[in-house]
Amino acid sequence: MKITVLNGSPKGDNSVTMQYVKFIEKKNSQHQYNYIDIAQKINKIENDIEFFNSVIEEIKSSDIIIWGSPLYVCLVSIHFFDHTAQNYLRGICEDLNMNFAGGFSPDMYDIMKDSEREKLLLFAESVFETAGNKLKTSGSFRKPDYAMPLYIPVTPAATVNTGGKKILILSDREYSGDNMDRMIKQIQGAFGVDAKHINLSSVDIKGGCLGCCECGFDYRCIYTGKDGFIDFYNEEVKKADIIIFAGEIRDRYLSAKWKQMFDRAFFNTHTPTLTGKQAGFLLSGPLKEISNLREIIQAYFEWQGANLADIVTDENSPADIDKLIDNLAAKLLKFSDSGYVPPATFLGVGGMRIFRDDIWGRLKFVFQADYKYYEENGIFDFPQDDGKAIEINAKMIALTDNPDMRENVRKMIKTEMVKPMKYVVDNK
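In numbering that gives the first Met the number 0, the protein residues as written are 0 to 427.
Wrong hints could be hidden among the right ones.
Derived pair list, reagent style DSSO-like, types lysine-lysine, alpha-carbon separation capped at 27 Å [said to hold, decoys possible]:
hint: 1; residue 1: Lys322; residue 2: Lys184
hint: 2; residue 1: Lys21; residue 2: Lys1
hint: 3; residue 1: Lys237; residue 2: Lys195
hint: 4; residue 1: Lys1; residue 2: Lys133
hint: 5; residue 1: Lys256; residue 2: Lys287
hint: 6; residue 1: Lys330; residue 2: Lys237
hint: 7; residue 1: Lys371; residue 2: Lys394
hint: 8; residue 1: Lys112; residue 2: Lys21
hint: 9; residue 1: Lys287; residue 2: Lys184
hint: 10; residue 1: Lys333; residue 2: Lys205
hint: 11; residue 1: Lys225; residue 2: Lys184
hint: 12; residue 1: Lys43; residue 2: Lys287
hint: 13; residue 1: Lys205; residue 2: Lys225
hint: 14; residue 1: Lys333; residue 2: Lys40
hint: 15; residue 1: Lys195; residue 2: Lys133
hint: 16; residue 1: Lys237; residue 2: Lys371
hint: 17; residue 1: Lys238; residue 2: Lys205
hint: 18; residue 1: Lys394; residue 2: Lys413
hint: 19; residue 1: Lys333; residue 2: Lys322
hint: 20; residue 1: Lys184; residue 2: Lys238
Hints in this document: simulated from the structure, not taken from any laboratory.
Construct the complete structure from the given sequences, taking the supplied hints into account.
Pasting the structure below:
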């Protein structure tokens with residue numbers, strides 16, 4: 000069978016991800032493999048229609064397409080939200096009427112283990128069997144409808160007192176005469192002249208993240224002094240109190256420019272840079288049909304330690320959009336004044352613990368800047384360091400070794416569990 004491998008790593012043949020594909024090829028050499036370095040050649044693909052068409056023709060003529068992509072922070076392996084990356088890729092495949100034969104998300108070093116290599120080859124065997132026998136695979140997602148109703152504001156925006164807050168509206172490009180243009184102007188009307196609007200297309204960004212990890216030692220990016228992105232991020236994004244992200248939903252995500260922005264922000268590696276900030280989104284597109292995108296957005300701001308106040312889309316009626324934008328502006332100011340950031344869900348807690356363990360362990364040498372930040376900010380909160388919990392557990396486990404005492408404790412668990420909380424409610 001003809002297999003085309005779409006390499007999503009900017010490191011090309013030096014990609015860790017590609018070593019997994021190469022191992023499959025070595026053990027299944029009866030097939031024809033064709034590698035296309037998508038990430039390395041993305042500028043040419045975007046600007047050279049003939050080259051783009053040649054890639055599409057290769058895909059069309061193939062029996063199997065392997066999407067081989069690393070995941071540095073949040074979209075498209077390692078285990079930081081690899082499920083949303085798989086959902087995204089699966090959704091794209093299904094939108095293109097392709098049969099999704101399965102996904103495989105190994106850890107970076109799994110290929111070093113006999114048991115994990117065996118899993119990899121079993122996965123490949125399943126894919127080859129599915130393709131070779133032209134088996135139908137089940138679908139998981141319905142194709143979104145990207146056509147949105149026309150939004151023309153019904154009422155002027157309700158102005159709010161910004162109180163000297165630094166407010167930044169970020170869009171991926173300059174919008175004109177469409178829903179997003181009007182949504183941006185509506186929230187600008189609420190904030191007045193205190194809101195600064197920057198479109199990313201006007202920022203000097205020479206290219207995407209190269210995955211080189213040179214920033215790991217001291218946040219020094221390979222692009223330092225070569226374009227304007229780092230200064231833009233440090234001076235505009237990091238110093239803002241409130242940030243509104245505005246853009247269109249395209250192909251189950253945001254635009255390529257937004258993806259480039261989030262990727263390039265990785266010069267901060269695994270260190271949160273938006274802690275305590277208020278964030279809101281204005282989106283044009285079918286967010287209600289793409290729950291995976293909402294989860295990606297929520298996860299991003301939770302691990303950043305920021306508050307995602309709301310996401311307003313143009314799926315609603317014009318009158319409702321007006322009200323939602325007014326509410327968003329008011330909430331952003333109120334929460335910024337109070338410093339409100341809600342407790343993180345599993346998305347934020349689980350994600351940060353993955354980073355905590357890896358930065359303390361095997362990635363400490365590469366990401367020394369992260370290690371210093373985590374150590375200084377109490378992120379290395381390992382349970383084995385909780386002396387009080389260890390002491391209480393030791394005493395209670397010894398106590399409940401006695402069968403009679405264990406039965407007494409069973410009867411007390413429900414009331415004793417809530418006693419400290421009741422004390423707070425009654426006395427604070």
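Now for the hints, and whether the structure bears them out:
{"no.": "1", "hint": "Lys322 with Lys184", "in the structure": "holds, 14 Å"}
{"no.": "2", "hint": "Lys21 with Lys1", "in the structure": "holds, 15 Å"}
{"no.": "3", "hint": "Lys237 with Lys195", "in the structure": "holds, 14 Å"}
{"no.": "4", "hint": "Lys1 with Lys133", "in the structure": "holds, 14 Å"}
{"no.": "5", "hint": "Lys256 with Lys287", "in the structure": "holds, 22 Å"}
{"no.": "6", "hint": "Lys330 with Lys237", "in the structure": "holds, 20 Å"}
{"no.": "7", "hint": "Lys371 with Lys394", "in the structure": "violated, 35 Å"}
{"no.": "8", "hint": "Lys112 with Lys21", "in the structure": "holds, 16 Å"}
{"no.": "9", "hint": "Lys287 with Lys184", "in the structure": "holds, 23 Å"}
{"no.": "10", "hint": "Lys333 with Lys205", "in the structure": "violated, 37 Å"}
{"no.": "11", "hint": "Lys225 with Lys184", "in the structure": "violated, 33 Å"}
{"no.": "12", "hint": "Lys43 with Lys287", "in the structure": "violated, 33 Å"}
{"no.": "13", "hint": "Lys205 with Lys225", "in the structure": "holds, 8 Å"}
{"no.": "14", "hint": "Lys333 with Lys40", "in the structure": "violated, 45 Å"}
{"no.": "15", "hint": "Lys195 with Lys133", "in the structure": "violated, 54 Å"}
{"no.": "16", "hint": "Lys237 with Lys371", "in the structure": "holds, 19 Å"}
{"no.": "17", "hint": "Lys238 with Lys205", "in the structure": "holds, 23 Å"}
{"no.": "18", "hint": "Lys394 with Lys413", "in the structure": "holds, 19 Å"}
{"no.": "19", "hint": "Lys333 with Lys322", "in the structure": "holds, 16 Å"}
{"no.": "20", "hint": "Lys184 with Lys238", "in the structure": "holds, 22 Å"}
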